[in-house]
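Protein chains: 2
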Amino acid sequence: MSESAPAPTTPTATTAGPAGPSLKLRRLAIDTYRENVAYLNRDCDVYRAEGFQALSKVEVRTNGRRILATLNVVDDPGLVGCGEVGLSQDAFAQLGVEDGHPAYVSQAEPPESIPALFRKLDGERLGQGDFDAIIRDIAQHRYSKIELTAFVVASNRSELDREEVYFLTEAMVKTGRRLDWRQPVVVDKHCIGGIPGNRTSMLVVPIVAAYGLVFPKTSSRAITSPAGTADTMEVLARVELPFDRLTDIVRQHHGCLAWGGTADLSPADDVLISVERPLSIDSPGQMVASILSKKIAAGATHLVLDIPIGPTAKVRSMPEAQRLRRLFEYVASRMRLSLDVVITDGRQPIGRGIGPVLEARDVMQVLQNDPEAPQDLRQKSLRLAGRLIECHPDVRGGEGYAIARDILESGRALTQMNAIIEAQGACGFDYQNPPLGALSFEARATEAGVVTSIDNLQIARIARLAGAPHVQGAGVDLLRKLGEPVAPGDVLYRVHAGFGADLEFARQACQRSQGVQIGAVGAVPHVFVES
Amino acid sequence: MSESAPAPTTPTATTAGPAGPSLKLRRLAIDTYRENVAYLNRDCDVYRAEGFQALSKVEVRTNGRRILATLNVVDDPGLVGCGEVGLSQDAFAQLGVEDGHPAYVSQAEPPESIPALFRKLDGERLGQGDFDAIIRDIAQHRYSKIELTAFVVASNRSELDREEVYFLTEAMVKTGRRLDWRQPVVVDKHCIGGIPGNRTSMLVVPIVAAYGLVFPKTSSRAITSPAGTADTMEVLARVELPFDRLTDIVRQHHGCLAWGGTADLSPADDVLISVERPLSIDSPGQMVASILSKKIAAGATHLVLDIPIGPTAKVRSMPEAQRLRRLFEYVASRMRLSLDVVITDGRQPIGRGIGPVLEARDVMQVLQNDPEAPQDLRQKSLRLAGRLIECHPDVRGGEGYAIARDILESGRALTQMNAIIEAQGACGFDYQNPPLGALSFEARATEAGVVTSIDNLQIARIARLAGAPHVQGAGVDLLRKLGEPVAPGDVLYRVHAGFGADLEFARQACQRSQGVQIGAVGAVPHVFVES
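Residue numbers (the numbering used here), protein chains in the order written: chain A, 56 to 586; chain B, 56 to 586.
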C-alpha cells in the first residue's frame, strides 16, 4: 500500500524569518495535557514589547518548527527568567530541541478562517473553500476552545445542509493521511453506536477476510460506552500496533482488528470530538462527516453501515433512520464511496456480555459454533458479513448470507480470527474461563411476566460504573433478553466488578433503576427491520 | 443608598466537610489571568487516588472557602512537591490564607445546570428555573470555556424567544449586587453602540444632574471601539473610584461619570462577554439581557435607550430597529423598568473627534457653548437629556428639550460637569489645547462633490490602529461630515498618533479604504428618525 501526501499539521516548517530577540527555551515539568502552554517572565523585554496578555495565543518558533501555545505570565525568575521562554512538557517535545536552545516568540496570527466561522455563526451557508479553511485551521490546532465550540454548536442540529456536510467531510479527509491499499475493493463496516455488546466487527472481519476481501478494520476505544471494539479485541490480542506492522498483517491475512488512534486519519475529527463529547453533541451532519471521513481516509471503497433503531438507541424511529440514511448516502455518493445502509433492531443490547471480557467471550462462542453462543449476535454478524461479501464482483445479491454462514460453520472464520490474533500478538484468552471481575451481584425480577424492555443507556451506565472498560473483567452479563419469560426471583443480569467501590456505585445505580422491565407478552415493542 | 443582599459568588463558604488528606498550599508566581490553575505533583497520593486528569476541574477548599481550578500536573518536586497543591496567583489570593496553609483538593462536581444547557443545545425552550441555574453556575465560574461558548452560541440569533430573554435578564440581575439609591426616580441612559464619537453621556449627565435628577452613570471602557465613555472621561478626571466614594459623589452632585468595572453588577455578564467578544456575537437577546441587567442592577428606574440606525451602524434598517425596540420594551416592562427608546441617526460618527482626547475636546466645546462645537453632538445630547428630564413627575411631555437647552446655554451644565470632575479628581484638561498625538497625516478628497457616506466601521478601525484608546491623544478628527461640499485636495479628516508604527498602520488602512465617499448631493442617504 501507499499513502497520498499528508496535509501538513503542526508543527510545520515556517517561512517567516526570526523577528525580535531570541529567548532560551526551558522545559517546565508541567503536564497541561493537550493544551500547549508557554511561560514568559513579566519583566522580559519580549513580553513588554509585544503587549502580550496572559491567556493570549503566542507562536514559538525554533529549529524550523513552530507551535501555538497559550501564554502564562510568571513573576518568579526561579521558574522562568528574563530571556527565557518556558514550555509545558508536550509543547516542548513538539519542537524537538534541547533545553536552552534559542527560540522566537510572537503574537500568533489569528486563524485565517475566522471570517468564515463568523458567517456560520450568523446563520449563513458556507462554501467548500470555507470548510477547507476551517478544518485546516482546526487540524493545525489554530482554533481556541471558544472558536472550536462555536463551530461545533453553530453546525449542530439542522444547521448544515447536505452539501455543507459533504464539504465538511471532504475537508476532513483532505487534512489527514489517506491510505491507498491498491485493491479494487476494500471493505469496511461501521455502526453509529449506542447499543451495548454490539461487537459484530469481531465476527464480520474474520468471515469477510476469510472470503478473501481486504478488510483493514481500525476501531476506537470506548468514549462513553462500556467497551469499544478496540477495548474488546485487546482482551484477545494487542491492538496498538505500529502502522507498518498493521499494513503487513492486512497484506498477509486480508484483515486486522486494531486501534485506529495511531493512524492520523482525519485529525480534525479528533479535535472536534474533544468538544463534542463534553457537550454530548452528536448531530447528523457531524456524525456523517466524522464516520465517512475516517473510513475514506482509511482507504475503504465499500462500506456497510449499521443504524440500529429502538426506544433507547441513538435513532428512535424509522423516519429518523431514513433521514439519516439519505444523508449518509448523499455524502457517500459525492465522495464516490459505495455505501450500503442496514437498519437494524436496536431495542436492546446485542449478545449477552457488556464489558471487554464478557463481549470477547460472546464473540468467541460464536466463532467456536458453541451452542451457548448468543444467537442475536451471530445472526446480525452473518447478515452484515453477507452484505459485505456481496461487494465482491462475483457474488450475486442475496447470496452473501449463505456464504458467510458456511465460512462461520466450517470453522474457517475461527481459523482466520486466530491467525489475526497471532499476527497482532495473542493474549491467551480462554473463552470458557473468561477472567471476570471477582466481585459480583445479581439483579433479579420482582414479578412474573416477560421482559418488555431493556434500557440500553441504563445497562451501559451500570457496566461503566462497575469498571468497564478500564477494568477488563467488569461489566454486565445479561441472562434474559426481550420477550423471555421470568418468574419472581429469576436473575435478570449479573454485574461483575474488580473493585469494591465500583461494585457499590453499580449497585446504587441498579437500585435507582435496574433498566429491565417486566410485563405482558403484548407489551414487547415491535421493530420492523429487514432480518 | 443601600444594597440588597448580593447573591453568593465564589469563593463561598462550603458546607461539605474536608475529605481525604490535606495538602499544603503553595503560591506559584504564575499569572493565568482569569483562569484559576491548580498544580499537583504526579506522585501525590491525592492525585493518584482521585483519578484526576490534567485539565480536569478540581475544587480546592480551605478557610471556609472553595474555588474551582483547572488542574495541571507537575513532574518536578522543586515546583510542587508531594503533599503540596500549587495555585496560580489569582486563585491563591481568592482563598485568603498564607503559604503552607492546609487545603483539601477533590474532583469538582459538574455544574448543576448542565442538563438544562444540553436541552438548549437540542433546541428546546428553557424555563425561568433553567436560566437561574445556568446563570448562577456561570457567575460562579463553574462553566468551562466549552460549556460557556455552547450556551452563548445556542442562545445566539433568534434562538431565545422574548420570555426567555426576560428570564435571562432576571437571572443576571439576581446573581450580582443590586443598588438601591432610595429615590423614586433614578435615571440612566445607554446606547447600543457602534457609532464613533457618540459621547452624549458626558453632556446628558451634567444637564440632567443639574436639573436635580439622580444619574449615577457607570460606563465601560472601549472593547472594540476607539473610545468608551470611561476612556474619554478619564481624559478629564479619575474614573476608577472606590465604590463608597462613588456613592458620596452621587449623593452630593446627583451624578457621576465613572468606570463600572468595580461595582460587581451582573457578574455573569462579564463572564459571558469574555466569550461573546472573541466571537463578535451581539445577538438581540444577549444585548437586551446584558444592557438591561446592568442598568437594573445599578438601580435605574428610568432608562433612555439610544438605537442608532444607518448603513454601517449595528442596526441597519427601521424594521430591525423596531423589532429590537419591542424586545427591549417587553423585557423592561417585565422588569418594571420605565424605558424610553429613541431611534437616532447612525449614518456617520457623532461630533468630530474619535479617540479619548478628541472626544473630550468636542464635549467641552459643547459645554462651553463654543461656536466651534459640533452641532450634531449638541443636538443629540439635548434631545436625550430632554427625554430624561421628562421622567421627572413635574415635567410635561415635550418640555424637556427646552429645559435641557436652558441648562446648557446658561452654563449650569458646565458648572455641574466641573463639580463632578473636581469630585472624581480632575486631570487639568484644556479643551482649547488638547494634548493630541504629535504625529499626524491627513486624508484628502480626490474629487469634487459632497460627502455621501462615512463608514463608521472603517473610521473606527483607523482610529484604533492610530492607537486609540490606549494612546489618549490618538484618533481621527473628522473635518467634513455628510452632505458637506468638498473640492479636490480638501482635508476630509486628520489622523493623530503617538507612535510611528501606529501612524503607519493607520495610514495603510486609510490607503486600502479611507471610509469617506464623495458624490452627488442626491446620493446622500436619508434617514427618517424623529429629530
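Be aware that one or more of the hints could be misleading.
Chain copies aren't distinguished; within one or between two, either way the pair holds.
[Claimed, not checked] In silico DMTMM-like links for lysine to aspartate or glutamate, alpha-carbon gap of 25 Å or less: (1) Lys369 <-> Glu179; (2) Lys200 <-> Glu295; (3) Lys112 <-> Glu139; (4) Lys369 <-> Glu139; (5) Lys79 <-> Glu218; (6) Lys229 <-> Glu502; (7) Lys112 <-> Asp98.
To be clear, the hints were calculated from the coordinates, so they are not data collected in a lab.
Structure-based check of all given hints:
In this assembly of identical chains, Lys369 and Glu179 lie within 25 Å of each other by CA distance solely across copies; the values are 18 Å between and 28 Å within a copy. Taking the closest pair of Cα atoms, Lys200 and Glu295 never come within 25 Å of each other, the shortest separation being 29 Å inside a single copy and 32 Å across copies. Within a single copy, Lys112 and Glu139 get their C-alpha atoms as close as 17 Å, which meets the 25 Å cut-off; across copies the closest is 29 Å, which misses it. Proximity of Lys369 to Glu139 under the C-alpha cut-off of 25 Å is found in neither arrangement, the shortest distances being 51 Å within a copy and 44 Å between copies.
Neither within a single protomer nor between protomers do Lys79 and Glu218 lie at most 25 Å apart by alpha-carbon distance, with minima of 49 Å and 56 Å respectively. When the C-alpha separation of Lys229 and Glu502 is checked against a cutoff of 25 Å, the pair qualifies neither within a copy, at 57 Å, nor between copies, at 49 Å. Proximity of Lys112 and Asp98 under a CA criterion of 25 Å is satisfied intra-copy only: 19 Å inside one chain copy versus 30 Å between copies.
Hints 2, 4, 5, 6, counting from the list given before, are not met by this structure.
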